[in-house]
Structures are given as C-alpha cells and as structure tokens.
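Participant: Listed below, chain by chain, are the residues.
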Amino acid sequence: MTTVLIHEALRLLREQMDPSVEMALTLDVVPSEDIAALLQMHELDSDRKVTILACCILIRMAVMKHRRLSAEDNEQLTRAILDGDYLSGLVYRLASRRKEWKLLGMLTPLQKRMQLALLRGRAAEGLFAEQRQHIAEYLNRSCA
Amino acid sequence: MKLHDQLGVDLRVIDATLREVIRTDRDLPASSIVRDGILKLIDAGGKRLRPIMVIVGSRFGKLERRRPVLRVAALVEYLHMASLIHDDIIDQADLRRGAPTLHTQIGISGAVLTGNYMMARVLEWAAEAAPDREPDAQEQQQSQLAASLSELCIGEYQQLHNRFNFDLTLQHYLDKTRRKTALLLALCLRAGAHSTHAEPEVAELLYQLGEALGMTFQIRDDIMDFTQQEGQLGKPVGADLRNGNITLPVLYALEEPELAQQIRALGPTANAAAFDEAIREIAASNAIERCEAMADSYAQAALALIGQLAQHPASPQLRVLAQYFLS
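Taken in order, these protein sequences are the chains called A and B. Going by the numbering used here, the first sequence wraps up at 144, each residue one higher than the last. Going by the numbering used here, the second sequence wraps up at 327, each residue one higher than the last.
Read the hints as simulated data drawn from the structure, not as lab findings. Hints may contain errors.
[Said to hold, decoys possible] Stretch by stretch, here's where chain A covers chain B in the computed footprint (C-beta under 8 Å, at least three residues): (1) 80-92; (2) 107-116; (3) 119-127; (4) 176-190.
Source: prediction; values computed, not measured. Where is the CB? At the ideal position from N, CA and C, for every residue including glycine.
Just chain B, with the same shape it has in the complex (with noise of 0.2 Å):
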C-alpha cells in the first residue's frame, strides 16, 4: 500500500490544486510553452511526499480548513518542483522520472526562468484568496515558506565552497544536511499544523520531528551512494565523492589514518581507477556502521517526538510517516 493510501491522502485532489495554480493565472496565455512545460510536470506525477506532509500536519490543527491546508501544500510543492528545474541544471541531468528535463527541451535560460515564474506565481495565487486586507497568520507563514528558499540555497553554497575539502567538520555536514533537505520537510509539518491553528507547542514538535525525519533520510541516502550498485542508484557508486560531495561516511573514513591518505589525494583531476578504490575501501570500512548508527540516533530520536505527541488521535499517522522514512 502507498504512502498516500495508507494516510488517507487523495494525491488527485492535490494534482488537481497544482493545475489549478497555472490555469488560473490570466497572464499566462492559454497555449504557450512554460504552460504546457508546468501542466507536463504535474501530470509526470511523483510522490508529493511535502504537499503529504503538509496534510498530515494539518491533521494536529483545531479546525477543518481544506482550502488553506491546499494552499500550503500546493505552495511547498511548487517550491520542491522549483527547486527541481533549478537542480536539474547544476545537476546537467537529462531526465527526470524517466521524461527528458525541462531545460533539455525549453534550454537553460527558460527552464530557470519558468522555476522562478512557479514560485512567484504560486504566491500569487495564495495571496489571491485574501487581496484587499491585511494577510493573516497563515499568509504571513506562506511567505516565511517562500524565505525559506535562501536558507535552502545556503546549504547549496555551503556543498558548493566545500568542494573536496576533507577538513569539512562533522557540525558543518550536519549544518548543510539540514538546511539542504531536512529543514523543508520540518516546515512542512509545521506549516500544515499552522493552517489549523495546532497548539505552537505542538506545531514545534512537529518541526522537530520533520528535522529528525529528514537528517536520518539524507544520512542513509549518504550511506547508500556507498553500498548500493549502480543499477539501484541510477547513477554511479559514490557520486558524491566523485563530485567532490563530502559525505558522512567520506568524514568518518577520514578519521582511519589509512584511508584518509588515500581519500585526500583525491581530487577534481584524479583518474577513475582512485575513486573506484577508495569508494570500495570506505564501504568495506567501519565508517558505514558509524553512519548508520548516527542515522539511528536521529530515528530514534524522532520516535521519541511522536511518542510526545502519541496523545493526539492523529499521531499514529505520524508512525506511517515514520516507517516510511526510517524503512
């Protein structure tokens, strides 16, 4: 059974808000190329893991407000498939779920531009339900969402300046793996609470518990580009390190005198055959089981917020959400 199933999440009403985000807009022609790029997009499908979130924590609120729980899931989603377009670039990656990338097909300037278009337009139309008065708490939370794309872009700066830097601390990989991925699942559950009105204490945990959900997701992705093959990963064994993308386990290795004179002479103009071997000698090595039990700290530690929250009629959903992430 899939997520959405399981949580009682109707993924076609919430394909249905983010059609409407771009059909409703009436400067944006009825046939013209960003149109029919953004409706290509929606209908390629995906998980809609955030807009998930948003809902689940919608459900810790003291009202039933579907529209403005909408709103936020549309908006978080636009800001994820935003994101997407922009990486997709940096990433020179040609599909995406199997479909060429927007840029491959409209080029780089107009993929980017039609990024930026969805994320002003989606804020515009939030905005449209309340014109003519001063934005409520919920609106002024859709634009605290909308700030949060330079706190994602500085965890982008911080993997981008620490390029092969082997001496990258251990506090500075926590820092950019939650500004990179956890931090926008934690304000997904937040902001759902929000547009509920949840208790703020309430609302707090469960940004803690998005946080936790997230550090765990990203340590085992890190840990994966390590142990998986290539045909799991879609891409090659360890293409972080290849990419100069220090990892939890890339630092854990370097704390092994043997391995981290083999790591630092790695570099941008290393051959191959270098990468291949350290990749095998990090996965072989004790840093994996270290990773993993760092990532079972954050688990455990997110178990521990549901297990604060179990009180509420909602929380067993958060053990769905839960085993999907810590599976």
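Pulled out of the complex, with its shape left as it was, chain A reads as follows (with noise of 0.2 Å):
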C-alpha cells in the first residue's frame, strides 16, 4: 500500500514540474517510506495524504540538492541550486493549490528549523527523522 501512494504522490508531483525543469522522479529519488507507512496508519482523505506525502519528498529532494555544493563545476551549481529553489517553491504551491494552509503552517518552521541544523553540520538522515516525528504529530493532531 505504502508503494501505491509513494507512485501516486510522485504522479502528482511529475503534473506540478514544468517540463523546461527536466527532474527524475523515480521511488529511489528519496526515502519516502517512512512518510508513507505513518500516512497508512491514520484515517485521512487519500487525496491528502498524496498531498502531504508529495510535500515531504519535495522538501526532502530540495535538501538533497543544495547539499555538498562545489564550485569546481559551475554548470552542474547552477543546476543544484536551481533544483533546490525550484523544489522549495513548489512546496508552496502545490499546497497552496490544495489548499493546505495548516500543512504548510506547520512544514514552514519546520523548514526553517531545517536549514539552521544544516548549517550547524547536521546530517540530512538525521533531520529527515524529525520530519518524520512532526508529521506524526501533524497527523495526530489532524485526526484526533
């Protein structure tokens, strides 16, 4: 089941991207089980949980890609740089579009807050965990 909505979030998410972007979006592109195993486990629209699911892998993918940047190849900067921007502003938008307002309330700070570990020298692996537990608590939230 968890491999159903990781396709069908990527679905979504390949209709969002322009063409000129030019991105894979393989299931191997991030690690999005752990997103999509917690989402099965509570009782929310499927609609949303495409949604939610597609928010996290974007903002997980944008991670990704503006870490470890070089200047040894600018081309391949641009691109990175470029990707991340590009994967952070379509965060907003597709939320935006589905009218996600308290999704995106609750993943700004965390994005935020992101960003400075980062900075500090934190592991990605590590802040996609915390991830993981504010979504918990999201979805708790949502569904009580």
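Hints are included, so try docking the two chains, each in its own frame, into the full complex.
Facilitator: This is the structure in structure tokens:
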C-alpha cells in the first residue's frame, strides 16, 4: 500500500513540474517509505495523504539538492541551486493549490529549523527522522 | 529626489521590519554567523524597489492596514535578497554594492542554506501574526508569493537550457524575461493591492502594469549590455552574449544574414576577439533600434494601464513609478 501511495505522490509531482525542469522523479529519488507508512496508519482522505507525502518528498529532495555544493563545475552548481530553489517553491505552490494551509503552517517552521540544523553541520538523514516525527504529531492532531 | 522620497515611503520603516524578521527568531542564536550575515545584508541597504512597489500597490486598496502591508513588503524583499544570494553564487560574483558577497565569507553551502533559511523564516514570521486560525486571503497570498519562487526558477532554467541556442524564438525570450524579471514586480503591485482589499479589477490592472514595467526595464537592460561602456556597466560589454545568454538584440541581429553568420560562429570555446567584434556589430546594427521600439511598446502599454487607473487618487504615484522605470 505504501508503494501505491508513493507512486501517486510522484505522479502528482510529475504533473506539477514544468517540463523545462527536466528532473527525474523515481521511487529511489529520496527515502519516502517512512512518511508513506505513517500516513497509512491514519484515517485521512487519500488526496490529502498524497499531498502531504508529495510535500515531504519535495522538501527532502530540495535538501539533497542543496547538499555538498562545490564551485568546481559551475553548470552543475547552477543546476543544483536552481533545482533546490524550484522544489522549495513547489512545496508552496502545491500546498496552496490544494488549500493545505495548516500543513504549510507546520512545514514552514520545520523547513526553517532544518536549514539552521544543516548550517550547524547536522546530517540530512537525522533531519528526515525529525521531519517524520513532526508529521506524526501533525497527523495525530489532524485526525484526533 | 530619490524614488522613495517622491513616493513618501520611509525606507527606515522597511529596514526596521526586515531586521525584526531576524531579531524575533527564537531559533536563531543571538550571535551567529547567519544572523550577523543577514543583518549586514540589510544594513548594506538597497533601493528597496520591491517593497516600495508593494506599498504603492497598497494605496489602491479600501483599507488602511499598515502592518499587513509591511508583512508583504518584507516578504518580497526577503524573497529578492535570498535570490540575490543564490544568484551571486551562480554568477561567481565577489562583490555586491561594493561589499563582499555572502558566499565569499561563509562558503557556498553556508550561503545557499542562509538564503533558504531567509525564505522559510520570513514566511514563518508573516504567519506568526495569526497562528491559531485558518489563514485569511492575504496570508494565502503570501504562500502564493512564495510559490512564485518556482516560476522565477523556470525563467532561469530556460536561460540555462538555451545557452548559445541561436534558434531561440522571440516568444521564448519574452516568456523567459517575463518569468525572470517582470513577474515579481507584477506580484509586488498586486500583493500590495490585495493587502488593503483593493477591488480585484484594480489589483489585476496593477499586476499588468508591473509586468509591462518589468518587460520595458529588462529589454532596456539587454540593450545597454551592448551599447554602454564597461565602466558604466560594471561588467564587460556584451557579458550576456559572452555567457551564452541570447537576448533581444541578438535575436534581432540574427535576422540580418551577414551578422547571423558571424553570431552563429560563436560558442563556449570562441575567443574573446570574435565576441568583441560581434558585439560591436550588433551595437551598430538596426537590431538596437528594433529593441528600443519593442521596449517602447511595453512602455506605452504601461502608460495606457496607468490611464485606466487615472480616476484613483493614488494614480499620480504610478506615474512616478513609471518615470523611474521608463526614463
């Protein structure tokens, strides 16, 4: 079931992405099973599950794109910066279009703290675990 | 007289609001490289053109709402400042307004993450005004402004994909220019109008005006890249073409067969002398006149839009704004 949900989220993201972006969106692009499994444990409209998962995937992809940047290859660097920025903007576009205002209200401070943690040298993987924890708390509140 | 003085906008209030965004962040240590770096960026000043446009747009609304207007003004300026940090890395720029760019001080990764932090923080700060309820139309607008970041990136992608593409169409150029430059200016005027509950049709006219001013400004900037001296530009003449960026003067010059041959011979490995000669030829060609005509047509469209808003008491301020962009 989690795989179906991940496929649905990736399909939604492919629909949202501008063709000029040319970004691969496959199952292995970032880990997302943890969030998908979490979502499956909650009673929630399937469209909302797909949106929440898609937003989490975008945030994780953006973090990965902006990681370990180097000036050696300017074209690669440009591409990585643009990709991360594009994905971050897409979180807001997707959530706004689907009127997920409360989700955005939770994701924005989380995204900010992730950037600060990365600046302090924290590993992305640890932050993804924290993201899952915040999503769990958000779902518990939303489904209560 | 400076633009903000002519429009009665107090830049000190804008700057104080920009500082407040950072100073009120409880997750940011009182003394940190990030905090200091951002405060330095704010202190370095700037024209604050985008917040000014938000404030002008807000004067077309039905309500006096100082705080919500300042929230939007801060949001667009942070979006702009964060983009500049990332642009400086991409452009390998060492200086901005005479001061070292952020990435030269804290490294590329640190600067990218700082830009990301600024974007997320300003949105968090803007939403903090109303944490426990469904966001109102203006807060929804703020999220939509953040979403425009992806549109700005599309313009950059289009430019990146079309380096030295001499078959680029005019439509492609206009589309890229709209996304890269005109869109944010259009959004500033409209978001300002929305923040004071302007009539939807007024907000839409302001959006179109921002777009027309942005297009005029960018086309003129593209012309100056060929017609001004290095000292005036602060970069080599024809820097856009040297970087493979195909702008309107090049597109029009490509329609002249002899010039087209010379331009099409250029590429990433062409020598500086070949670029110098092609740039001189383009500057002396009919292409520049045609570009000016195109810029003028957008300027005329802008003036016509101002005419449609002539009944509004704030309309003279649009003329001031237009004069700034069009002169």
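Participant: It remains to establish, for every hint, whether it holds in the given structure.
Facilitator: Structure-based check of each hint:
Against chain A, the segment 80-92 of chain B contributes 5 residues with a C-beta closer than 8 Å to a partner C-beta. That satisfies the three-residue criterion, and the hint holds. Note: the segment 107-116 of chain B has 7 residues with beta-carbon separation from chain A under 8 Å; the three-residue rule is met and the coverage holds. Closer than 8 Å: that is the beta-carbon criterion, and the segment 119-127 of chain B has 6 residues meeting it against chain A, so the requirement of 3 holds. With 0 residues bearing a CB less than 8 Å from a CB of chain A, the segment 176-190 of chain B misses the requirement of three and the coverage assertion fails.
Of the hints listed earlier, the one the structure fails to meet is number 4.
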